[in-house]
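Student: Single-letter residue listing:
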Amino acid sequence: MLQRIRNAPTRYGLVVVVIILLLGLPTVISSFQAGEWAQALILAIAIMGLNILVGYSGQLSLGHGAFMALGAYTSAILAHRYKVDYLLTIPIAGLLTGIAGFLFGVPALRLSALYLALATFALAVVTPSLIKRPVGLTNGVQGIILLPPDPPQLAKDAFTIVTGRAMTSDQWTYYVTLAFAFVLFWLAWNLVRHRAGRAMRAIRDGEVAAAASGVNIAGYKTLAFGISALYAGIAGSLYGMSTGFVNPDTFPFSLSIQLLVGAVIGGLASIPGPLIGGIFAYFLPIYSNQWVPTQTWIPSQIASAVEKAGPAVTYGALLIVIMIFAPNGIVGLITGSYARLRRRLRGAVDRESGQAPPESQTA
Amino acid sequence: MNRRVPRDFVSCIAGETLFKYAYVFMNFGGPLMARTGRRLAALVTFLVTVAACGSTTPAPVVATDVGITSTGILIGNTNALSGVAAAYGTISNASNAYYTYINNQGGINGRKITYKILDDVYNPANTVTLTKQLVEQDQVFAIFGGLGTQDQTSVRDYMNAQKVPQIFVYTGATTWGLDYTQHNYTLGWIPSYQAESHIYAKDILANHPNAKIGVLYQNDDYGLDYLKGLTDGLGAAASTMIVDKEIYDVTAASPAAQITKLAQKADTLFLFTTPTFTVKSLVVVTALHWEPNIYLNSVSNPRTTMGAASKAGAALKNVTSIAYLKDPTDPQWANDAGMTLYKTVIALCSTCDANNGFNISGVAAAYTMVDVLKKAGTNLTRRNVMDIAATQLNENNPFTLPGVVVKTSANDHFPISQMQVETWSGTGWTLQGSLIDVRGTIK
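One line per chain: the protein sequences are A and E, in this order. Note that the first sequence ends on residue 364 in this note's numbering; no numbers are left out. Note that the second sequence ends on residue 448 in this note's numbering; no numbers are left out.
No lab work stands behind these hints: they were computed from the structure. In this text, all values refer to a predicted model and were calculated from it rather than measured experimentally. One or more hints might be untrue.
Distance ranges between label pairs, derived from CB positions [what the hints assert, rightly or not]:
no.: 1; chain 1: A; residue 1: Asn-191; chain 2: E; residue 2: Ala-92; range: 46 to 52 Å
no.: 2; chain 1: E; residue 1: Ser-244; chain 2: A; residue 2: Leu-320; range: 52 to 58 Å
no.: 3; chain 1: E; residue 1: Asp-442; chain 2: A; residue 2: Ala-318; range: 48 to 54 Å
no.: 4; chain 1: A; residue 1: Ala-318; chain 2: E; residue 2: Asn-212; range: 52 to 58 Å
no.: 5; chain 1: E; residue 1: Ser-244; chain 2: A; residue 2: Pro-135; range: 24 to 30 Å
no.: 6; chain 1: A; residue 1: Gly-317; chain 2: E; residue 2: Thr-349; range: 35 to 41 Å
no.: 7; chain 1: E; residue 1: Thr-334; chain 2: A; residue 2: Gly-317; range: 33 to 39 Å
no.: 8; chain 1: A; residue 1: Tyr-288; chain 2: E; residue 2: Lys-379; range: 34 to 40 Å
no.: 9; chain 1: A; residue 1: Pro-135; chain 2: E; residue 2: Arg-444; range: 35 to 41 Å
no.: 10; chain 1: E; residue 1: His-294; chain 2: A; residue 2: Met-324; range: 49 to 55 Å
no.: 11; chain 1: A; residue 1: Tyr-116; chain 2: E; residue 2: Lys-168; range: 52 to 58 Å
Even glycine gets a Cβ: it sits at the ideal position worked out from N, Cα and C.
Okay, chain E solo, but in the shape it has when bound (with noise of 0.2 Å):
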């Protein structure tokens, strides 16, 4: 336990005791202290001792490079390895495939990263002591990708109060990018929950304008935060447009009862919800014989969890979603350079599935990491890393979608900001349209 115990610790005992034995014993040892009470007092004297050599420890030195040495950069994680939310957890592996990656390159000017992942199990007590643990005791140089909007907000206050940098967080929590200024070594990497509400309501508009839409949302941050995105996005016609909302919460065993409700008034539903009760949604609407347009939101629209709804009896019919990266199950990306390296990468990885497209955003995030670090150059101070990360990104990000940028800029803090709109085939999700971007909508 006692790693900064300094070498010199033994002899301090042992020279200070000879010492305070000697001086206790002859200021209290007289006759007529007892032998249990000379005993207790030489017990004290000796775990004074003990407690004082201790604090010969020096204090740890808090430099603006922690974390870096001429030969390796130390970066944290925190995800749900295990738990209910363990299906993320893969996508910490998968940054750490493009790490290995980029380390078996000669690394980044000479110095190899380190990533470490340690598991909260998607609870935001264990985010506190986990980060307190990744920053005070293995001194990483930042935080990368930590998971979970509740989490990451646990230990925002004490990152900016640390000035460690809590970068390209793994939530859409719009705050992320809203709030930077307040929070300066916060800022999150996918698109904000509100920026896909936005795209959704903008193809309704266009397409649908007459639609009455029905929203099941999740009783969470999560699910207010793309709630609020439609109902900005429609802007005056949302009263009008938006005929019912249901809630659930994440305990709840199926959200049956709410889909039901929605069916009675609505023709469009909207889906935020998580994998789970994405699933059992879809299965209730067939059940229902209801032929509604459906949105589903990105966060549950991988072909793991189309083809979990599909067997369990979802029509899955006019179903919409958005993506800003290249699927790695769509054909049209089969010679892609992008995924021709992002296949490479991942075979770094043993426990990791290549088609799941949660991987591929690991290896994407990991990608603008580097490049960042890159970018720093020998500037590696956690503030130049968080100026260039926040105001700096103008990326072509090679598991993007073409056109999207990664970037940033005085007055943006979002990094992506553009999305485009796909529809489920049956098999697999096609592309529509073209990239709309919400760059600088998001207040």
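Just chain A, with the same shape it has in the complex (with noise of 0.2 Å):
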């Protein structure tokens, strides 16, 4: 045990040491910044679902937010409807909008990669108004008001332990939050390690390859649809019980290119792209929207500009920044800069080398 210890590669040391800080953050900072934490750890899990889909299968999506949607519904329905207690609905709801994805997948598979994202496009477009149908069912536009989730003794007392005070609903929601992140980032993480997601890759990188190799194309296109599906679903659920509220325009068109922005900022086809792309993806437009107002020295045209245009302007700018300085995202960053680091001190041969740069991640 401890010789695997010994052996492990540093960056499983980094894993547990991002583990322990999320673990203690709420115990260090507001209630309400827990909430906005959990809000981004959300939108990881989200990012993740869209991250096997868009990094590691090579399927580009515009329509995660309509999945987040179905299960956000899914679970206030049975929770406020069918008096479910609200964390057994989360895997329900994940379960039932992964199937939805799959079903949705088979059709979807037929479509090349620019019209696959046309469909969803019109997924996500059209689920807000769809939801408003049946009004019976969904409460239409008023949305469905949840009560906020009350933690079990068991977690007050020990967070009452460790900090002296009592435990709020938004801390609550951030470690059960945490937790299914945890569990999420772990499958993934090992689905893309076997056999699936090395499938996966093979379709992404060359089709005609991989089904020459004997992969089995359709399959595997609809199981990442599936999957990802399914992360959308769970992040859906817990949006809700974040917010206690879902209504038609918590979902907006908007969500799903956030989802996307998130994706492509941390860095596609990465394990910790995810959660940097949703810490991004979260806390960027609402600083970002906070902080240039304040700012004297920016001038007034462009900073009343970007209050106008809210967060669309802060994704574009940094989008165009990323593209290019770090088309890998973040995580793409430094880890290219660690390699040239390393080179550069081992003296730097191989820097005229020829060697061919690494192979860009994008889909």
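Could you use the hints to bring the two separately framed chains together as a complex?
Tutor: Take a look at the structure:
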């Protein structure tokens, strides 16, 4: 055991540090900030799902907001109308959304990349209107108000022992989200390193070659869609828990774009990428919008344009910067710089050695 | 991020870390322990220490006068500064201009108002987060003038659970005034949509008793609220007078199909539509060579909307609407004291268009807010401010039409219930008749 720990690569240590930091976070920040971080983690889960689809299997989706909506509404309806414990509804919502994604994936397979993007785009645009129709089930435009989750006694006691404060529902939501994020990230990590993940990457990098090697193209593509939707469904369900309110406008088309931007910023086809992407996609628009107007050195025209256009401007600017300086996202930037640093330290022999640059991992 | 971490945080970490490290190494640091294991143990200890020290942060004290200091009052707001409903964003800036004006006069009993406006992009999920930020992090005294029916509904339970005033929300949903008893930290300001519909019903029963009414309404709370008001207001005649009702979604491209259907049966058209759809509807009406009497809801009647419709080719014949505020473009108020004050106030906002009807409503609502805070005097508690606003208002607001009284009582929580019918002259709105009071008719 000890031998295995000692021989483990450095990055495992990093994972442990991140987990411990995330576990301890709510004890040092306020309840409101814990709520914010919960939402960032929720985005990270959804982005992980999108990453499996876009990053690992090479299919583009502009409609993951719709799968989040399905997950959120499944949980909300079960919890509100049928009085099911909200925690129980989360996996149910995930499974149901996964099945829906799988079924959506069947016809979508016939579409090539660009048309698949359009089909999922249509899904994202039409979902808010579809939700409004069955008023008896979804409460129509009024939406469903959910009670804030009450932490169980055990969690309350444990939190009080560590911090001396009472646990709020936001802090509880954070821990629930963290637990789900941990399990889902671990599953994704296993998935991409094993048979299914290798098959998906083979399809991404060369469909014909993969088919020639005996990979079931249709099967794996649909599977990727289903798994990806499952992640989005769980994220949507957690989103409902964290906002305490779901209505059709909670899942606008821009949410799907936010997820895609997060996936690109973090770094496609990487496991830590979605976590970083989620944190960026969540905090960046909020803080840039509140920060820009307070800066006197920014010309007032630019400041007011940013204020009026909202998060779109920040996303746009950032995407351009990322595409220019870090085409493989933040994770790509970090691993790239690390590799370059190591080369430098070992003596810059191979700078002009004609070694091919690392393969671009964009879809 | 850690704004509330106390100054002794660092010393706490230093002290406790030394102690705990010694403890950990004495107990677990035996010869069996590998180097990596010991490092890991040290790391865990450090992180636990950080967590424990953080916990000495005192929980925010919840007092009845959070957000009030001896020199200031902190008030929050969420509005759609960007996105589909960005046209409403200017309302918050106009309110802010009035607070700036009051601050320049010395504030309220020496306290200056800070008005923190956040952009929720008209998305209820954002409203929830931003409202929590204002209440828990910024520690505002109250949230004033929050915009959007769905957005404000999404935080109503939260605000009432936290007992933070959600005061003078900028939406006309009838529920704010009607359900005050269940949610007594939430109150509206603008006239309820149902009250406005009641006035249209009165007007049509008096002037066009044989009208065949066709209604176009938006598929949400706001459209349904207007329609309910009209049906209630017409009473028994509703079933015979309303010959057709057509619905549209905000995501739709154009209401042309619905208007064409309405034109086949009706001779009177009710538009319970937001500005974009209003313009499109009016254009289609003209294109069909249809000349109905048109009743247009007040949320789409600023001159800017009418101008856009006219430019796009709408004839704008026989259009009726209502008003409760003075129209900044109406020449009859040119020398009015209230209008002069409005021009002075709005000049303090560099991005506000003085002729925009939305701005005068932002200023007028802020006037009522200041009035309430002045009335509260030294008893500046959240409960007292809500009680004054919801049950003891009796104010002549200089920006509303003469005769309009902003008023609430123990069993009436709709601050504005008087409106006046107006008709479109081709260049502007002309007020007709006198004020109509529908106080107490909303049930």
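Student: Which of the numbered hints above does this structure break?
Tutor: none
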